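Student: Using the hints provided, position chain B relative to the given structure of chain A.
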Amino acid sequence: MNINATLLGELIAFIFFVWFCMKFVWPPIIGAIEERQQKIADGLAASERGEKDLELAQVKATDQLKEAKAQAADIIEQAKKRGSAIVDEETQRGHSEREKIIAQGFSEIEAERNRTKEELRKQVAALAVAGAEKILEREIDAAAQSDIVAKLVAEL
Amino acid sequence: MADTGGEQTISSYIQHHLTNATVGEGFWTFHIDTLAWSIVLGFVFILSFRSVAKKATTGVPGKWQAFVEIVVDFVNDTVKSTYHGKSELIAPLALTIFVWVLLMNLMDLIPVDFLPWFAGQIGYYGFGVDPHDVYMKVVPTTDVNMTFALSIGVFILMIFYSIKIKGVGGFLKELYAHPFNTPWLYWFNFLLEVVALFAKPLSLSLRLFGNLYAGELIFILIAGTMGLWQLPIHFIWAAFHLLIIPLQAFIFMMLTIVYLSLASEEH
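Line by line, the protein sequences give chains A and B.
Using my numbering, the first residue of the first sequence is number 19, and each one after it goes up by one.
Using my numbering, the first residue of the second sequence is number 349, and each one after it goes up by one.
Calculated directly from the structure, the hints in this document are not laboratory data.
Each hint should be verified, as a subset may be incorrect.
Pairs of lysine-lysine residues, derived as DSS-like cross-links and limited to a Cα-Cα distance of at most 27 Å, are as follows [unchecked claim]:
id, chain 1, residue 1, chain 2, residue 2
1, A, 41, B, 434
2, B, 402, A, 57
3, B, 402, B, 514
4, A, 41, B, 402
5, B, 411, A, 41
6, B, 548, A, 57
7, A, 98, A, 84
8, B, 428, A, 41
9, B, 514, B, 434
10, B, 434, B, 402
11, B, 411, B, 434
These stretches of chain A come out as covered by chain B in the derived footprint (C-beta under 8 Å, 3 or more residues) [claimed, not checked]:
id, region
12, 35-44
13, 48-57
14, 103-115
For clarity, every value in this text was computed on a predicted model and none was experimentally measured.
Every residue, glycine too, gets a C-beta built ideally from N, C-alpha and C.
Next up, chain A with everything else stripped away, as it sits in the complex:
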């Protein structure tokens, strides 16, 4: 345990190593570490931002989906209403058409019947006249007895 010139040698070595470390070892390593820390911090911030964006987008998408659903429901509702309206209208129209056709039929039948009645009446009158002529065996002056004939026809 004696102090000697070794101390000076070690002191010089110590100073050299510290100097070398300060100049060529420490700055690049700590620089790399700090830069990487910065990078990681940036990355984390970016991912957080991305997460927030995603959340926002999800909310927006949900809203839009809801809106779209509501719209679709609206449209379907409208279409249904419109469909039933059309059906109603058509039914209405069909009914009125049918009634019209039936009424027409009835009136045609009525007209036919009246015509036939008239015809029959005329024929019956002619027959009556012919019968009366036979009965009287003389000619009836149609013109003179027309009032009688007319009365007969009316009675039929």
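Tutor: Same frame as chain A, but now just chain B:
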């Protein structure tokens, strides 16, 4: 070992292990083993760390870079939590001290006879010297010259920072006006503060030296006296010493930072 003269043999064995290989006379003696091992280990430190520094990537680091970064980050955190000033020097200084002292302390775990025996063989076959005359003390931190060199370097920086930040007047004022701020006790303050000032590097170096010297001595004692029993005992002591090695390196680094932060803070 034979019973007759066993004491003598053990003490000479221990003596042999505790003697440095020297060159020169008087004050100009160089402990070449201390110098060689410490400088080799210092280069191991700066070159291995430099290899990372040269191709440090900010992307995904390799395994060695990751390890180096853990060490650097650990030192950086320690410095940042203790030293609040702005300095380009403190952190690299702390890193150098920590890794260098750690590497030198780790030499303690190499079996005590291994490197000295190897050196003896080289001396015998290479230079024709009696192996017993070849000395080799492999743990540089068991040499006071090594630990004092470190603490004196730190001491010089303490003075430098004190004067740089507080000025010569401020530095001197701290020495004479500190505990008792009355003019007729200035001489007493000065005495106290100078002792305190010099006690710092002294305790710093002697703590490291004492711990490692004692550890090394116990390894040598175990190797010299226990016969076959030394195998488990060595293992137990090495396992215990494994705690002391990084602890002493850390304490040296931590106290360096603390002393320098004290030196650069205004009171």
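Student: Run every hint past the structure and note whether it holds.
Tutor: Evaluation of the provided hints:
1. A/41 x B/434: 16 Å, holds
2. B/402 x A/57: 20 Å, holds
3. B/402 x B/514: 37 Å, violated
4. A/41 x B/402: 12 Å, holds
5. B/411 x A/41: Roughly 24 Å between the alpha carbons, so the hint for residue 411 of chain B and residue 41 of chain A holds.
6. B/548 x A/57: Since the Cα atoms of residue 548 of chain B and residue 57 of chain A sit roughly 42 Å apart, the hinted pair is violated (cutoff 27 Å).
7. A/98 x A/84: 21 Å, holds
8. B/428 x A/41: Roughly 19 Å between the alpha carbons, so the hint for residue 428 of chain B and residue 41 of chain A holds.
9. B/514 x B/434: 15 Å, holds
10. B/434 x B/402: Judged against 27 Å, a Cα distance of about 25 Å means the pair holds.
11. B/411 x B/434: It is violated: about 31 Å lies between the C-alpha atoms, which goes past 27 Å.
12. 35-44: holds (count 8)
13. 48-57: holds (count 7)
14. 103-115: The restraint on the region 103-115 of chain A is violated, since only 0 of its residues have a Cβ under 8 Å from chain B and three are required.
The earlier numbered hints that this structure contradicts are 3, 6, 11 and 14.
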